[in-house]
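Okay, here's what each chain looks like letter by letter:
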Amino acid sequence: MERGEEEMIESAEKAKQDPIYLNALKDLIYQLADDDFIISFRGSEWLGLAPHIEEDVAFSSITQNTMGHALMFYNLLEELGEPEADQLAHERQSNVRKNAIYFEKKNGEGHYTEEPYYDWALTVVRNFLYETFKKVKLEAITKSSYQPLANVAGKVLMEQPYHLAHWKIWFNQLYHSTDEAHERLQARLLEASEEIGDVYELGHHATEMEHFELMISEGTLRERWLNEVSKTIQEFPSIDIGKKFGSGREGDHTPDLNQALEILSEVYESDKDAVW
Amino acid sequence: MQEQRLQEVRAVLKTVDDPELPSVSVSDLGMVHDVKIIGSQVYITMVPTFAGCPALDFIQRDVQKAVTELSWVSECEVQFTFQEKWSTDAITDEGKKQLKKHGIAPPPENYQPGNEWTVACPYCDSDFTSMENVFGPTACRSILYCTTCKNPFEAMKPVVDYVY
Ligand SMILES: [Zn+2]
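Residue numbers (full-length UniProt numbering), protein chains in the order written: chain A, 1 to 276; chain B, 1 to 164.
These aren't lab readings, by the way, just hints derived from the structure by calculation.
Source: prediction; values computed, not measured.
Where a beta carbon is used, it is the ideal one built from N, C-alpha and C, also for glycine.
Some clues are possibly wrong.
Listed next, the in silico DSSO-like pairs over lysine-lysine satisfying Cα-Cα at most 27 Å (straight line) [claimed, not checked]:
no.: 1; chain 1: B; residue 1: 100; chain 2: A; residue 2: 14
no.: 2; chain 1: A; residue 1: 26; chain 2: A; residue 2: 14
no.: 3; chain 1: A; residue 1: 243; chain 2: A; residue 2: 168
no.: 4; chain 1: B; residue 1: 85; chain 2: A; residue 2: 143
no.: 5; chain 1: A; residue 1: 105; chain 2: A; residue 2: 243
no.: 6; chain 1: A; residue 1: 106; chain 2: A; residue 2: 243
no.: 7; chain 1: A; residue 1: 106; chain 2: A; residue 2: 168
no.: 8; chain 1: B; residue 1: 85; chain 2: A; residue 2: 26
no.: 9; chain 1: B; residue 1: 150; chain 2: B; residue 2: 100
no.: 10; chain 1: A; residue 1: 143; chain 2: A; residue 2: 26
no.: 11; chain 1: B; residue 1: 36; chain 2: A; residue 2: 14
no.: 12; chain 1: B; residue 1: 101; chain 2: B; residue 2: 150
no.: 13; chain 1: A; residue 1: 16; chain 2: B; residue 2: 85
no.: 14; chain 1: B; residue 1: 85; chain 2: B; residue 2: 97
no.: 15; chain 1: A; residue 1: 244; chain 2: A; residue 2: 231
no.: 16; chain 1: A; residue 1: 168; chain 2: B; residue 2: 85
no.: 17; chain 1: A; residue 1: 143; chain 2: A; residue 2: 231
no.: 18; chain 1: A; residue 1: 231; chain 2: A; residue 2: 168
These stretches of chain A come out as covered by chain B in the derived footprint (C-beta under 8 Å, 3 or more residues) [to be verified]:
no.: 19; region: 61 to 67
no.: 20; region: 70 to 80
no.: 21; region: 148 to 157
no.: 22; region: 161 to 167
Next comes chain B alone, as it looks inside the complex (with noise of 0.2 Å):
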């Protein structure tokens, strides 16, 4: 039974999007780090995107709320722990496809930390593409241009574990 409400849980941890990126679930973002669950009462451990992110107690109280609506749950905490790294790695591939699907690009891989980047175009997929504003308007997301089709897109930064 444990193995199967453990399921259910991750199971609605699908459903429940990042409110500033809409259509991504948090469990796609990788943001899920811990489900623990004791008798009916469910404890989650998450792990914020950017430090910054103002977002983080309306996705706590989010994943709460959708929780607590499975008929065998009592009691459902949410965690954020800044003990553990988020990577852009982390995001799953129904994460990406998901980003893509709604204008934004996902981050280009085998980045290095400090150095320019750019990420095709999630419109017409071409590779001609400029940073215009590696700051938009949330600190996780970039404006970047493409030349091709002309249009202006989001991409999500890259930030990956530090080598010094």
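Just chain A, same shape as in the assembly (with noise of 0.2 Å):
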């Protein structure tokens, strides 16, 4: 996206002098706050239960970073005029919630206390679908006209590249291995090409996003997207993507969301003054 016409805004009060601009801008960094606050959600649920204990350490330390980038997302909307950080993480109902369906997905039969049974192929498949997805996203928005929002991109793009490398070594390795590990990751890509269609989609703001150069339309994003997955698995952008569930960009979700939603307000409600 070439910045054209289009003038740089370079801060919070100059954005909130066009109310058009605000709700798309404000739209945009809520799909990319809830995409990472449920991810890392989901993320933490697997403390002390992955394959191996420097697995453990691994993926916990992935999960605080995201939750750390979540937190600089929420804190741009904070900027805006919406409420505080931990507010807009932990308070809002599911519908208003801006995530890909996808991400919000239990991790497995079982609850965290009680069961565990998660599925390690789904979280390989859904983290590795995530990192790449977060990449051409962000590299998008690194030209975005409002330049506050650029700039944390341009951050996160610089921690990320652990991340996606991470979950790639995961996916090779397990996808070459045995036939039963390759096997249940092909199930799993099978599932979340049914599931994951909302991913690239902008919501009920996308056209005034592309007008205000706040982001590449839905069409680049998508094919940017499968493009960077082709690079690990060659075979997965010729399979038909849908939306099974509808599109979360839009605040349809599914009962995992409030499952997810209430386990984190009673850990928020219990201690409101925890930093986190």
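Each of the two chains sits in its own frame; use the hints to bring them together as a complex.
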């Protein structure tokens, strides 16, 4: 995306002057924040349960870092007049959340404190697809007309290659190991393809986002993402991609998100002043 | 007088350590972006290292406390900005020296994002090292192993401006 006629918006004060611009901008940031937030919540549920101790350390480190990214995006929203970051993360109802639906999916059957029967194949596939997507979306956003957002995207992109590299290694190693591992990943990939179609959508304000050069178009985003995925999984782009549960970008969600929010708010209510 | 006060604040910042990297000051880590002095009030803008760094609140508190101990300071405000990009290139030579002294290898130079990397062993300087875990106990560190002296050691992860 070339910076053309549109002027750069350097501050929250300036963004607030045009309500149409402001609403499109806020919606875009909510998508980024909510994606990072829910994926790191699902990650945090794995604490102590990962396949081995080194993975436990690595995964929790990635999760903590991703939560830090969510916080930076919520802070940007706060500057734009939204409630404070803590409230945005913990107190919003599911129908105003903008994360893609696939990312809220439970880690598996069972419950963290009881019998956590979680599926590692789902986690590897999901995180791999997430990090490839995050990379291309943020790359586009470094050229966004809203300077503070472009700056944060640039900062996140300096740290994120480690996350992507981590899940790429997991995916490749399992995909080329036993038949069982291969089949389980394949099944999870197929499942992902049926559900993840809202990920590259931009929601109700898609047209304005493109018009104001906040973001590239959905079509281009989709194309770049599939291209990035195909560097690791050649066959993925040829699979039909659907959105079985609707569009999280438009506020559609599954009961899995409510389940996550209930757990989150329990922890949050019990200790509101905790630093996270 | 202004110049002298600025230098005093800068000197204090060289004494405040990152709680996760004891013995390396926030100043030598390149976390201090800007210092402004208005009369007896000091305003410090800092750049966080990793976004998920849980130590930010402690650093903020420690810096504030240390600067307020200067006799002429009535108030010190410390803010983190996410608008500036910290990179491991911002670590000073003194910072690198201190890291090494405490068994943490400084980040490699000329690193390309996404690529694999290793660094020389901080204990014996051997290049025969291998990556054990890219993610160490905190997001900013990795765990490596030295084949020569058989020690595991930590290294700061290179974080550089992303080129695309
Ligand atoms: Zn050695």
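Structure-based check of each hint:
This hinted pair does not check out: residue 100 (chain B) and residue 14 (chain A) have alpha carbons roughly 46 Å apart, beyond 27 Å. Between residue 26 (chain A) and residue 14 (chain A) the alpha-carbon distance is near 14 Å, which keeps this suggested pair within the 27 Å criterion. With a C-alpha separation of about 24 Å, the suggested pair residue 243 (chain A) and residue 168 (chain A) falls inside the 27 Å cut-off, and the hint holds. Between residue 85 (chain B) and residue 143 (chain A) the alpha-carbon distance is near 16 Å, which keeps this suggested pair within the 27 Å criterion.
Proposed proximity of residue 105 (chain A) and residue 243 (chain A) is supported: the alpha carbons are some 13 Å apart, at most 27 Å. For the suggested pair residue 106 (chain A) and residue 243 (chain A), the alpha carbons sit about 17 Å apart, so the restraint of at most 27 Å is met. For the suggested pair residue 106 (chain A) and residue 168 (chain A), the alpha carbons sit about 21 Å apart, so the restraint of at most 27 Å is met. Restraint check: the Cα-Cα separation between residue 85 (chain B) and residue 26 (chain A) comes to about 22 Å, which is no more than 27 Å; the hinted pair holds.
A hinted pair counts as satisfied when its Cα atoms are at most 27 Å apart, and residue 150 (chain B) with residue 100 (chain B) qualifies at roughly 17 Å. For the hint linking residue 143 (chain A) to residue 26 (chain A), the alpha-carbon distance of about 17 Å falls within 27 Å, and the restraint holds. Under the criterion of a C-alpha separation no larger than 27 Å, the hint pairing residue 36 (chain B) with residue 14 (chain A) is consistent with the structure, at around 25 Å. For the suggested pair residue 101 (chain B) and residue 150 (chain B), the alpha carbons sit about 18 Å apart, so the restraint of at most 27 Å is met.
The suggested pairing of residue 16 (chain A) with residue 85 (chain B) holds, with an alpha-carbon distance near 25 Å, which does not exceed 27 Å. A threshold of 27 Å between alpha carbons decides the hint, and for residue 85 (chain B) with residue 97 (chain B) the separation of about 23 Å falls inside it, so the pair holds. For a cut-off of 27 Å, the pair hint linking residue 244 (chain A) to residue 231 (chain A) stands: about 26 Å separates their Cα positions. Using a Cα cut-off of 27 Å, the hinted pair residue 168 (chain A) and residue 85 (chain B) holds, with the two alpha carbons roughly 26 Å apart.
With a C-alpha separation of about 24 Å, the suggested pairing of residue 143 (chain A) with residue 231 (chain A) holds against the 27 Å cut-off. The hinted pair formed by residue 231 (chain A) and residue 168 (chain A) meets the criterion: a straight-line CA distance of about 10 Å does not exceed 27 Å. Only residues whose C-beta sits within less than 8 Å of a C-beta in chain B count toward coverage, and the region 61 to 67 of chain A has 6 of them, enough to reach three; the restraint holds. A stretch counts as covered by a chain when three or more of its residues have a beta carbon under 8 Å from one of that chain; for the region 70 to 80 of chain A and chain B the count is 3, and the coverage holds.
Coverage of the region 148 to 157 of chain A by chain B holds in this model, with 7 residues showing a Cβ closer than 8 Å to a Cβ of that chain against a need of three. With a cut-off of 8 Å between beta carbons, the region 161 to 167 of chain A has 5 residues touching chain B; three or more are needed, and the interface restraint holds.
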